[in-house]
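In the order they appear, the protein sequences are chains A and B.
Heads up: the first sequence at position 211 corresponds to 217 in the numbering used here, and the numbers run straight through without jumps.
Heads up: the second sequence at position 259 corresponds to 262 in the numbering used here, and the numbers run straight through without jumps.
Mixed in with the good hints there might be a few duds.
[What the hints assert, rightly or not] One-sided excerpt, in silico: chain A residues whose CB lies under 8 Å from chain B:
1. Val118
2. Thr121
3. Ile177
4. Gly183
5. Arg184
6. Ala188
7. Ala194
8. Val203
9. Ser275
10. Leu278
Source of the hints: derived by calculation from the structure; they are not laboratory data.
Think of the CB as a built atom: it goes at the ideal place given N, C-alpha and C, for glycine as much as any other residue.
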Amino acid sequence: MGYYISSLTVYWIIGSIAGLGLNLQFGVAGILNFAFIIFQATGAYVAALLSLGPDTAFGGFQHYIFGARLPFPLPLVGGVLAAGLLSLIVGAVGLRKLRRDYQAMVMLVISVIATTIATGDHSLVNGTAGVALVPRPFSSLTPLGPTAFGFAFVAFSALFLLITYAIVYRITESPWGRVVRATREGEAAAAALGKNVISLRLTVFVIGGMIAGLSGVLLVQFIGAWSPPGWYYQETFVFFTAIIVGGTGNRLGVLFGTLLISVVIGQGSTYLPQFGPTPVFVASMQWVFIGLAILGFLWFRPEGVIPERIRRLLKQP
Amino acid sequence: MTSSAEAAGDTTPAPIELRAAGVTRSFGGVTAVDRVDLEVPRGQCVGLIGPNGAGKSTLLNILAGAERADAGRVLLGRRDVTRLPAYRRARLGLIRTFQIASEFSNLTVLENLLVASPEPALNSLASAFVTRRWRGPQEEALEQALALLKGVRLEEKADELAGTLSGGQRRLVEIVRALMSRPKILLLDEPTAGVDPGRIHDVENYITTVRSSGVTILMVEHQLEVVNRLCDSVYVMAEGRVIASGSLDAVRQQREVVEAYVGEA
Numbered sequence: 007m008g009y010y011i012s013s014l015t016v017y018w019i020i021g022s023i024a025g026l027g028l029n030l031q032f033g034v035a036g037i038l039n040f041a042f043i044i045f046q047a048t049g050a051y052v053a054a055l056l057s058l059g060p061d062t063a064f065g066g067f068q069h070y071i072f073g074a075r076l077p078f079p080l081p082l083v084g085g086v087l088a089a090g091l092l093s094l095i096v097g098a099v100g101l102r103k104l105r106r107d108y109q110a111m112v113m114l115v116i117s118v119i120a121t122t123i124a125t126g127d128h129s130l131v132n133g134t135a136g137v138a139l140v141p142r143p144f145s146s147l148t149p150l151g152p153t154a155f156g157f158a159f160v161a162f163s164a165l166f167l168l169i170t171y172a173i174v175y176r177i178t179e180s181p182w183g184r185v186v187r188a189t190r191e192g193e194a195a196a197a198a199l200g201k202n203v204i205s206l207r208l209t210v211f212v213i214g215g216m217i218a219g220l221s222g223v224l225l226v227q228f229i230g231a232w233s234p235p236g237w238y239y240q241e242t243f244v245f246f247t248a249i250i251v252g253g254t255g256n257r258l259g260v261l262f263g264t265l266l267i268s269v270v271i272g273q274g275s276t277y278l279p280q281f282g283p284t285p286v287f288v289a290s291m292q293w294v295f296i297g298l299a300i301l302g303f304l305w306f307r308p309e310g311v312i313p314e315r316i317r318r319l320l321k322q323p
Numbered sequence: 004m005t006s007s008a009e010a011a012g013d014t015t016p017a018p019i020e021l022r023a024a025g026v027t028r029s030f031g032g033v034t035a036v037d038r039v040d041l042e043v044p045r046g047q048c049v050g051l052i053g054p055n056g057a058g059k060s061t062l063l064n065i066l067a068g069a070e071r072a073d074a075g076r077v078l079l080g081r082r083d084v085t086r087l088p089a090y091r092r093a094r095l096g097l098i099r100t101f102q103i104a105s106e107f108s109n110l111t112v113l114e115n116l117l118v119a120s121p122e123p124a125l126n127s128l129a130s131a132f133v134t135r136r137w138r139g140p141q142e143e144a145l146e147q148a149l150a151l152l153k154g155v156r157l158e159e160k161a162d163e164l165a166g167t168l169s170g171g172q173r174r175l176v177e178i179v180r181a182l183m184s185r186p187k188i189l190l191l192d193e194p195t196a197g198v199d200p201g202r203i204h205d206v207e208n209y210i211t212t213v214r215s216s217g218v219t220i221l222m223v224e225h226q227l228e229v230v231n232r233l234c235d236s237v238y239v240m241a242e243g244r245v246i247a248s249g250s251l252d253a254v255r256q257q258r259e260v261v262e263a264y265v266g267e268a
């Protein structure tokens with residue numbers, strides 16, 4: 007039981023970190039990044055490759071490029087930087103010259119291309135099977151049992167949630183964040199006031215991508231494995247749903263939405279007894295719930311459970 | 004209406020603040036703007052009029068950098084800005100408003116104005132992490148913004164979301180927001196469009212105040228009586244070309260202008 011609780015808490019925390027990154031892009035800057043999950047995957051894969059050692063280890067049962075066994079925090083730093091670099095490349099191509107709806111389509115296509123490459127080329131990150139036996143951080147120093155490790159990881163990941171929250175708070179509530187929110191409301195109007203909209207959006211895209219990368223690093227270090235089914239394009243919509251349900255543009259809304267969508271509906275359903283006409287009935291119903299949640303909130307409460315705060319700058323009477 | 008230079012008895016022609024030279028823009032087979040030459044002298048208010056589809060807004064978009072010209076040049080003062088994107092022209096003092104009010108709806112009125120401030124500390128990501136770097140500049144910008152809002156009697160609305168204002172109020176917010184950017188020249192695209200008749204006078208008065216403060220204005224406007232009251236001279240466009248220019252009274256007498264308007268009716 008302790009292990010389940012700690013696992014769900016870790017999923018909530020890491021999901022919240024990722025959600026804060028996507029909320030910065032979508033909720034604050036208005037970027038429809040339908041490729042968000044690939045930046046989480048990049049962080050996860052790079053952190054795995056930087057901590058697994060050469061692929062001849064463990065009898066050479068998995069194949070991947072550039073295996074190194076680096077100590078903490080280098081895999082984490084590498085994962086975050088790699089996600090940031092990929093964001094820069096994808097953003098520089100995908101966020102220019104196109105209308106927002108077309109940008110969203112480009113992102114979706116990029117997400118599909120990324121999974122296709124990762125699954126198609128087995129020498130990159132071990133194809134469909136993915137990478138496994140990824141070492142835990144500090145595992146050589148503190149060999150812990152599963153439950154103790156789970157709770158230790160709750161604290162470990164919570165520290166990164168706090169750091170991420172603080173960074174996102176600083177950015178969003180600053181004058182610079184206000185300018186970014188203005189670009190969300192009207193790109194042409196912001197440009198007409200001297201704001202370099204492409205640069206602003208690209209910057210937010212990279213910061214959000216690095217946060218996604220961080221969430222991937224933490225996730226792979228917790229689970230110990232990472233494979234394509236965990237980052238198919240539809241996983242991005244779990245984060246979008248969490249944000250829309252919680253409250254687009256609201257950080258606390260992200261935490262609440264992640265708890266409800268990613269943990270209760272997403273992870274919680276995996277602990278339900280299997281029933282229904284097919285073996286995947288429960289897992290399929292999870293997607294139905296997520297779809298209904300998006301539709302329901304967009305129709306009846308688009309501002310979400312905790313709406314974006316109105317920043318009143320004058321003292322109220 | 005006379006320019007401030009003329010009022011002072013100075014007969015030297017005002018330097019040209021904004022100039023279009025041979026500007027052309029086509030969409031498919033349609034030439035929306037056809038070899039347009041236009042000059043806006045410093046400190047003056049120039050009207051750009053013409054029937055619907057004449058190419059006025061396209062020309063304004065080209066001048067502001069929102070659209071590229073196929074041919075021709077745009078000069079801001081002596082600087083050729085033809086290849087500069089909109090945001091860089093804005094940083095040089097060329098600020099425009101839009102035909103449809105373009106307030107940032109989910110930001111408060113005050114936030115709308117603060118966004119426009121060119122103050123570096125309010126536009127830097129690095130400053131975002133050091134509150135004391137932007138706190139002072141923000142207080143100064145707040146004071147400036149409140150003074151501007153007071154000028155248009157909107158200070159009571161400062162903390163309300165801009166999207167909740169009436170059409171006329173949103174127009175005024177857009178104009179005072181443009182002023183926060185410290186413009187040399189304002190391009191106003193139909194500033195009275197969508198404004199209820201009772202508020203048009205407020206918009207006009209404010210444009211007069213802005214112009215009196217030394218800001219040059221180029222204004223697209225359909226209501227000729229508004230143009231008559233505010234502008235020193237006008238350019239008339241029809242089918243992408245400038246067909247007349249000069250004082251409104253003078254161009255009204257020209258056959259081509261009458262035909263362009265009557266033809267539209």
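**Study point:** Cut-off 8 Å, beta-carbon criterion: hint that A:Ala194 touches chain B
**Key:** holds, 6 Å
Check your understanding: Does A:Gly183 pass the interface hint, meaning its C-beta sits closer than 8 Å to a C-beta of chain B?
Key -> Check passed: Cβ of A:Gly183 comes within 7 Å of chain B, closer than 8 Å.
Review point. Against chain B, is A:Leu278 within 8 Å by beta-carbon distance?
Key: At 39 Å from the nearest chain B Cβ, A:Leu278 fails the 8 Å test, so the hint is violated.
Check your understanding: Taking the least C-beta to C-beta distance, is A:Val118 closer than 8 Å to chain B?
Key -> violated, 32 Å
Check your understanding: Is the interface hint for A:Ile177 satisfied, with its Cβ closer than 8 Å to some Cβ of chain B?
Key -> holds, 5 Å
Check your understanding: Under the criterion of a CB-CB separation shorter than 8 Å, is A:Thr121 in contact with chain B as hinted?
Key -> violated, 32 Å
Check your understanding: Does A:Arg184 meet its interface restraint, that is, does its C-beta lie within less than 8 Å of any C-beta in chain B?
Key -> Result: holds, 6 Å to nearest chain B Cβ.
Point to revise | Hinted contact A:Ser275 with chain B - closest CB pair below 8 Å | key: Status violated, d = 34 Å.
Check your understanding: Does A:Val203 meet its interface restraint, that is, does its C-beta lie within less than 8 Å of any C-beta in chain B?
Key -> OK, holds: A:Val203 within 8 Å of chain B, min 7 Å.
Point to revise | Minimum beta-carbon distance criterion (8 Å), A:Ala188 to chain B | key: holds, 4 Å
When each numbered hint is compared with the structure, violations occur for hints 1, 2, 9 and 10.
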